[in-house]
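With the working numbering applied, the sequence shown covers 46 to 304.
Check before you lean on any hint, since a few could be wrong.
For each label pair, taking beta carbons as the anchor points, the in silico distance ranges come out as [to be verified]:
#1 R124 / Q259: 43 to 51 Å
#2 P149 / D257: 32 to 40 Å
#3 H157 / G284: 38 to 46 Å
#4 S55 / Y100: 13 to 21 Å
Just so you know, these hints were derived from the structure itself, not from any lab.
All C-beta atoms in this analysis are idealised placements derived from N, C-alpha and C, irrespective of residue type, glycine included.
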Amino acid sequence: MFDIGVNLTSSQFDRDRQQVVTRAQAAGVTGLLITGTNALESQQAQALAAEHQGYCWSTAGVHPHHASEWSAQAEAILRQLTLLPQVVAIGECGLDFNRNFSPPEQQIAAFHAQLALASERQMPVFMHCRDAHSRFMAVLAPWLPQLSGGVVHCFTGNRAELDECLAAGLYIGITGWVCDERRGLELRALLPHIPADRLLLETDAPWLLPRDMQPPPVSRRNEPGYLPHIVQQVARWRGEAAETIAQRTEENTRRLFQL
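Work the whole structure out from these sequences, hints included.
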């Protein structure tokens, strides 16, 4: 089982970052994709991946929250990172109109620029979309024929949005959000509608700790070592064996990111 979304650069991991990786390995997690969310963190993510070569890889991108930071310098940093073997995707990029930490027009411009870079480098895209589906798809659609693939990370959309993402050939990233008895029920109902060859799993650690873990962890911090719980729950709600889900999602991950 492979965790496609770990924010290992987060300060929440400053005290025990190495132990977090060690615990993930002990839990049976076979690989980690470390998320880059701005130019600096993309550099940090690559450096962490290089420390754990063969087990960790990274993305390079600018999250929509940081889109106002997009610049020629940021783009140059990402371009350099794409030349390194640990960097296997462009992102986290996309649109987030829920909070609008960056103005929508800047989000759209940064998303366009990163899709162009992904097309140029023939790299898959690691994407974020929240409360922006129609605009997200409108920006993405012209680039799809030129991209080598992409995943909508931490998918929380509805059935119509899921179907549109699948029709576009995208992979779907599912997190512990699906384990939330308050917010995750609609997503849980969608699990059987995700084709087995398009499903990816992730923790999005240190966020989105699965709320149904028993006993609950002492800390509210999520970590990749909890991915087996998400695998078990997704398998149960899809009516499949956990071993099957773990194997298929890892195969999907390695295919998309060419690992």
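Exercise for the section: Could you tell me which of the numbered hints above are not met by this structure, giving the numbers in increasing order? Expected result: none
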